[in-house]
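Enquirer: Sequence:
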Amino acid sequence: MKNSVVIKSFQNGISLHLDKEMPFEQLLEEISLKFRESSGFFKNAKMALSFEGRELTDDEEKTVVEKITASSDLNIICLVGKDNNTNQNYLKALQMINYDDGKEGQFYRGTLKNGQVLETESSIVIIGDINPGATIISTRDIIILGGLYGEAYAGATGNDGHFVVALEMSPEKLTIGDFKYKAKEKTSKWSIKLKVQPKIAYVKEETIVVEPITKELLSGMY
Numbered sequence: 342m343k344n345s346v347v348i349k350s351f352q353n354g355i356s357l358h359l360d361k362e363m364p365f366e367q368l369l370e371e372i373s374l375k376f377r378e379s380s381g382f383f384k385n386a387k388m389a390l391s392f393e394g395r396e397l398t399d400d401e402e403k404t405v406v407e408k409i410t411a412s413s414d415l416n417i418i419c420l421v422g423k424d425n426n427t428n429q430n431y432l433k434a435l436q437m438i439n440y441d442d443g444k445e446g447q448f449y450r451g452t453l454k455n456g457q458v459l460e461t462e463s464s465i466v467i468i469g470d471i472n473p474g475a476t477i478i479s480t481r482d483i484i485i486l487g488g489l490y491g492e493a494y495a496g497a498t499g500n501d502g503h504f505v506v507a508l509e510m511s512p513e514k515l516t517i518g519d520f521k522y523k524a525k526e527k528t529s530k531w532s533i534k535l536k537v538q539p540k541i542a543y544v545k546e547e548t549i550v551v552e553p554i555t556k557e558l559l560s561g562m563y
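The numbering of the sequence shown is the numbering used here, which starts it at 342 and goes up by one.
One or more hints might be untrue.
Stated by the list, open to error - Taking lysine-lysine and the DSS-like style, the derived pairs with C-alpha atoms no more than 30 Å apart in a straight line are: (1) K403 to K361; (2) K387 to K540; (3) K403 to K375; (4) K384 to K349; (5) K540 to K521; (6) K545 to K514; (7) K361 to K375; (8) K387 to K375; (9) K403 to K387; (10) K523 to K540; (11) K387 to K349; (12) K454 to K403; (13) K361 to K408; (14) K521 to K545; (15) K454 to K523; (16) K454 to K521; (17) K384 to K403; (18) K514 to K540; (19) K361 to K349; (20) K408 to K375; (21) K349 to K403.
Derived from the structure by calculation, the hints contain no laboratory data. Owing to the predicted nature of the structure, the values given are computational and were not obtained by experimental measurement.
Starting from the given sequences, assemble the full structure and let the hints guide the process.
Expert: Okay, structure coming up:
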C-alpha cells in the first residue's frame, strides 16, 4: 500500500507529497499521524513548506498548515513552490528574518491590489507584489517575494531597527520607524528595465538607505 502522505526535505524546508485521490478529511488525519510520528525529528524547527502531487485551495493549504502545527512543534514560516527560483527567493528571505526573540512571523500568499491594506504585529513574508495604491504595515520586518510598488511601513510602533526587503524595490512610500524614504522619481514606463536585484531598506545614521542584498551586508547587520 503506497503512502498517502510523504515528507521530503530540501534546504531549510520540507515538501509534502499528498495523494490526489484520498478524501481531504481522511488526508488530514494521515497528515496529523505522519507529523506526530516525526515530531521528535522536527522539534521546533522553522521551515518553508511546499506541496506536491495534489492541487489544494488556499483554504485547504491553511487547514493543512494548522494540522501540521497542531500535531508537532514545527513552525511553518511560509509556503513556497518547488521550482529553484522560488526556493532561492525563500532562502534569501529566511536569512533576513530574526525569530530569536520568540515572536513568530506570518506569511501572506497573494498580491495586494490598489486600495488594499494589510496590517500585522509580526514580521511578515509576502509571496506576491504590493501594487501601487496598496499598503503593507508591520510593527516588525517586511519581506516581499515580489515587487514593492505601493507603500510599506515597517517598525510601525516607532522602532527603527527593522527593515523591508523586496525582490524589486520601487515603492510609492517607504517608512521605517519614524523615518521616511524619499523615493526617486519614476522613469517613463517605456524606458528599458534593468535586471531585478533583491534589495533591503533599513535605517542607517537616521536615514533610510536602500542597498542590494549581499552576504557582507547581512553579516554586518546581525
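Enquirer: Each hint should be assessed against the structure and marked as holding or not.
Expert: Each hint, compared with the structure:
At roughly 17 Å between alpha-carbon atoms, K403 and K361 fall within 30 Å of each other, so this suggested pair holds. Between the alpha carbons of K387 and K540 the distance comes to roughly 23 Å, so the proposed pair stays at or under 30 Å and holds. Between K403 and K375 the alpha-carbon distance is near 17 Å, which keeps this suggested pair within the 30 Å criterion. This hinted pair checks out: K384 and K349 have alpha carbons roughly 16 Å apart, not beyond 30 Å.
A hinted pair counts as satisfied when its Cα atoms are at most 30 Å apart, and K540 with K521 qualifies at roughly 17 Å. Between K545 and K514 the alpha-carbon distance is near 18 Å, which keeps this suggested pair within the 30 Å criterion. Restraint check for K361 and K375: the C-alpha separation of about 17 Å stays at or below 30 Å, so the hint holds. For the suggested pair K387 and K375, the alpha carbons sit about 18 Å apart, so the restraint of at most 30 Å is met.
Proximity of K403 to K387 is assessed by CA-CA distance (about 17 Å); at most 30 Å being required, the pair is judged to hold. Pair hint K523 plus K540 holds up; C-alpha atoms about 16 Å apart against a cutoff of 30 Å. For the suggested pair K387 and K349, the alpha carbons sit about 15 Å apart, so the restraint of at most 30 Å is met. For the hint linking K454 to K403, the alpha-carbon distance of about 21 Å falls within 30 Å, and the restraint holds.
The straight-line distance between the Cα atoms of K361 and K408 is roughly 18 Å, inside the 30 Å bound, and the hint therefore holds. In summary, the hint linking K521 to K545 is supported, as the alpha carbons are separated by about 12 Å, within the 30 Å threshold. Restraint check for K454 and K523: satisfied, since their Cα atoms lie roughly 22 Å apart, inside the 30 Å limit. At most 30 Å may separate the alpha-carbon atoms for a hinted pair to count; K454 and K521 meet this at roughly 22 Å.
With a C-alpha separation of about 21 Å, the suggested pairing of K384 with K403 holds against the 30 Å cut-off. At roughly 15 Å between alpha-carbon atoms, K514 and K540 fall within 30 Å of each other, so this suggested pair holds. A threshold of 30 Å between alpha carbons decides the hint, and for K361 with K349 the separation of about 17 Å falls inside it, so the pair holds. With a CA separation close to 11 Å, the supplied pair K408 and K375 stays within the 30 Å bound.
A hinted pair counts as satisfied when its Cα atoms are at most 30 Å apart, and K349 with K403 qualifies at roughly 19 Å.
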